[in-house]
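Line by line, the protein sequences are chains A and B.
Read in the working numbering, the first sequence has 160 at position 160, and its numbers run on one by one without any break.
Read in the working numbering, the second sequence has 661 at position 411, and its numbers run on one by one without any break.
Since the hints were derived computationally from the structure, they do not count as laboratory data.
Owing to the predicted nature of the structure, the values given are computational and were not obtained by experimental measurement.
Be careful, since some hints might not be right.
[Said to hold, decoys possible] Residues of chain A clear of chain B, computed beta-carbon distances all greater than 10 angstroms:
#1 S97
#2 S105
#3 Q113
#4 R132
#5 L133
#6 E140
#7 S197
[Claimed, not checked] Straight-line distance between alpha carbons at most 30 angstroms, and here's what the computed DSS-like set of lysine-lysine pairs gives:
#8 B/K529 to B/K347
#9 B/K686 to A/K102
#10 A/K242 to A/K102
#11 B/K686 to B/K252
#12 B/K395 to B/K346
#13 A/K102 to B/K347
Glycine is no exception: its CB is placed at the ideal position from the N, C-alpha and C atoms.
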Amino acid sequence: MERAITRANAMTPPGAEPAKTGIAIRTDRVARQYQMGETMVRAVNEVTLTIRAGAFVALLGSSGSGKSTLLNLMAGLDRPTSGAIFAHERNLAEMSSEDLAKHRSHTIGIVFQAFNLLPRMTLEENVELPLRLAEVDRHERTARVREAVERVHLGARLTHHPTELSGGEQQRAALARALVNRPTILLADEPTGNLDSATGDQIMLLLSEINETLGMTIVMVTHERPRAERFAHRLITMSDGKMISDGGPA
Amino acid sequence: MKTRDLAELAGRNLREAVLRNSLTTLGIAVGVASLVAMLSLGVGLQNLATDRLSRSGLFDAIFVTPRSNFPGFDAPARQAPVPTGPAAPLDEDARKKMASLPNVAEVYPEIRFPTEIHYDGNPYATVVAGVSPSARSDGAFDDMKGSFFSGPAANEAILQIDLARQLSTQPDSLLGKEIVLRYAERQALPPERGDKNSSPNGYSIVPREEKLRIVGIVETEPAAGIGGFGRGRLLIPLQVAETLRAAQTNDLRDLLRDTPSQHSYESLTIRVNGTSHVKDVEDAIKKMDFTAFSLLDASRNLSIVFAVFDLFLGIFGSLALVVASLGIINTLVMAILERRREIGVLKALGAADRDIRRLFFVEAGAMGLLGGIFGVLLGWLIGRAIDFGTNTYLTRRALPSISIVAVPWWMVASAIAFSVAVSLAAGIYPASRAAKLDPVEALRYE
Ligand SMILES: Nc1ncnc2c1ncn2[C@@H]1O[C@H](COP(=O)(O)OP(=O)(O)O)[C@@H](O)[C@H]1O
Ligand SMILES: [Mg+2]
Numbered sequence: 001m002e003r004a005i006t007r008a009n010a011m012t013p014p015g016a017e018p019a020k021t022g023i024a025i026r027t028d029r030v031a032r033q034y035q036m037g038e039t040m041v042r043a044v045n046e047v048t049l050t051i052r053a054g055a056f057v058a059l060l061g062s063s064g065s066g067k068s069t070l071l072n073l074m075a076g077l078d079r080p081t082s083g084a085i086f087a088h089e090r091n092l093a094e095m096s097s098e099d100l101a102k103h104r105s106h107t108i109g110i111v112f113q114a115f116n117l118l119p120r121m122t123l124e125e126n127v128e129l130p131l132r133l134a135e136v137d138r139h140e141r142t143a144r145v146r147e148a149v150e151r152v153h154l155g156a157r158l159t160h161h162p163t164e165l166s167g168g169e170q171q172r173a174a175l176a177r178a179l180v181n182r183p184t185i186l187l188a189d190e191p192t193g194n195l196d197s198a199t200g201d202q203i204m205l206l207l208s209e210i211n212e213t214l215g216m217t218i219v220m221v222t223h224e225r226p227r228a229e230r231f232a233h234r235l236i237t238m239s240d241g242k243m244i245s246d247g248g249p250a
Numbered sequence: 251m252k253t254r255d256l257a258e259l260a261g262r263n264l265r266e267a268v269l270r271n272s273l274t275t276l277g278i279a280v281g282v283a284s285l286v287a288m289l290s291l292g293v294g295l296q297n298l299a300t301d302r303l304s305r306s307g308l309f310d311a312i313f314v315t316p317r318s319n320f321p322g323f324d325a326p327a328r329q330a331p332v333p334t335g336p337a338a339p340l341d342e343d344a345r346k347k348m349a350s351l352p353n354v355a356e357v358y359p360e361i362r363f364p365t366e367i368h369y370d371g372n373p374y375a376t377v378v379a380g381v382s383p384s385a386r387s388d389g390a391f392d393d394m395k396g397s398f399f400s401g402p403a404a405n406e407a408i409l410q411i412d413l414a415r416q417l418s419t420q421p422d423s424l425l426g427k428e429i430v431l432r433y434a435e436r437q438a439l440p441p442e443r444g445d446k447n448s449s450p451n452g453y454s455i456v457p458r459e460e461k462l463r464i465v466g467i468v469e470t471e472p473a474a475g476i477g478g479f480g481r482g483r484l485l486i487p488l489q490v491a492e493t494l495r496a497a498q499t500n501d502l503r504d505l506l507r508d509t510p511s512q513h514s515y516e517s518l519t520i521r522v523n524g525t526s527h528v529k530d531v532e533d534a535i536k537k538m539d540f541t542a543f544s545l546l547d548a549s550r551n552l553s554i555v556f557a558v559f560d561l562f563l564g565i566f567g568s569l570a571l572v573v574a575s576l577g578i579i580n581t582l583v584m585a586i587l588e589r590r591r592e593i594g595v596l597k598a599l600g601a602a603d604r605d606i607r608r609l610f611f612v613e614a615g616a617m618g619l620l621g622g623i624f625g626v627l628l629g630w631l632i633g634r635a636i637d638f639g640t641n642t643y644l645t646r647r648a649l650p651s652i653s654i655v656a657v658p659w660w661m662v663a664s665a666i667a668f669s670v671a672v673s674l675a676a677g678i679y680p681a682s683r684a685a686k687l688d689p690v691e692a693l694r695y696e
């Protein structure tokens, strides 16, 4: 773990934001429950964990075990019903919705299983979107978009619409969009779930590269243990909203 | 999000559902057009009415009669409390006093008397009336044939068209001709011997003649109907009428009263410098114990009538806009359903609730703005069509053309502003609903 951070910091290229050292995400008995009529669904049930800056963590577990819910809590898209969740030591549970939006804008980059590109925008416009929302100066945007798109090797496809791209290309475009505002934490919810295994591996390699060269903290949800073991440094397994195991790759 | 980016995204969204948004915008445009058409008709008719009325010279005039001599015009409430004792005489002194009041331009009597005229050897009975020089601007003389009196004391006459038709089958040929006016002059009888106050003993009526040249023929009876007076059919300069010392209707009363030496008027007309002074002068006259009446009260009522009229036109016009605003709500709520995932993505990428709300507001406002501009244009065209239709009708009846529709700039500006405001109001519900959308729900992958 220490080794990974040192290496990441040493390799931070000029121009990129240096990854913050120390703790990226910390949860303290965080819980998210849903009231479904009579029954209470504990999607995340008092999870306590700490993720160091620069880590590459895989969240494993069967379907419905609460992985996505935990990831959404980290992203600030959802609020815990109890407990605390810190991103760089700021408690998301106590933030105003305005501040949560800022957290999503500046600290978090996120990719989904369904790439979620806006279909009527070109690749370039899709990637530019977070910069618009963050009110980045216009003249700075072009360079930032180019940088992010080049990092995912899509420099030649700037003017293409999502439908003109393959699944792998779409997920790479989504990755560029997640990176463009230089977040410190990258969250990915089953990013390879819609891709064949070769294309999925390409995405995993890109994530590793981003983690190593930019020192970006990555939390990735997956249910494919072998793939998680190949690329992640730490595997957290969930079941029924609880963390049942936590450790390095076997 | 910065305004420019917001506008760009909103513009993009509007173009994406171009048919639906165009139809919604068209709905607003029709609403605004109906509002503009209604209001411009109201304003146009009001302009027309006030213009005609102010040119009639009725609104800067005050009609004065001796107290209690004007029962038709004073509501009982206005006359109370009724002072007892003899009414102040409306005589030359009173006239001078009135003329010296501030902002009084002119005080002139209503001089009217029955007479007999001779033209071409034939006698005609008619009523002669004195016309003040200021009446020239009254509008009644605007469409006259010939010309107004050359001077205040000219021995000239203007014929009312009905009289002219009586005199000749070709009224126009009368211009420049002479008529002879026969009238009765009052002459004071010498006082009886030994009478201390040496007041005349009464009047004798002496028949006289006066030659008048016809200078004009007028269609309408000028200032007819004010206070119930018709003005007569043979119009002569007021000064001429006064010097004729004609037998007036109030002579009998003068005789019955104890002061026959003092010639008194049946009524006086006061012209004021501008309608704003009418109230003050009217009050001053009332303090002098005369009955005063002006059409200002009537004109105030007229403005109220028009305000109510405009209000109703506005309400009916706005109804279409209200319906159009339902269209906006419908369109935007549909857009939320369609753009659920997109809103979720925007939030995941850092959009605040406020950004989403503003995005929907900008879309609603843009439809309102476009609809407003287009609607004003459409409303103006409808107005032109109304004007055109009316004038075609008028010309066919050989009447002068008029403009009954007016679209002033304030109406253009406020119609567009109103359209935007209504659209924004319609956007409140969809915008806040979109802003409150839960991104986790919106992004859930099935
Ligand atoms: N909005 C919701 N209402 C009710 N139950 C929910 C809701 N969202 C998630 N859940 C439940 O919470 C549990 C965890 O869901 P999720 O985090 O999506 O699981 P995973 O991503 O591991 O498949 C599931 O049992 C799911 O049915
Ligand atoms: Mg999931």
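Review point. Hint by hint, which ones does the structure fall short of?
Key: 1, 2, 3, 4, 5, 12 and 13
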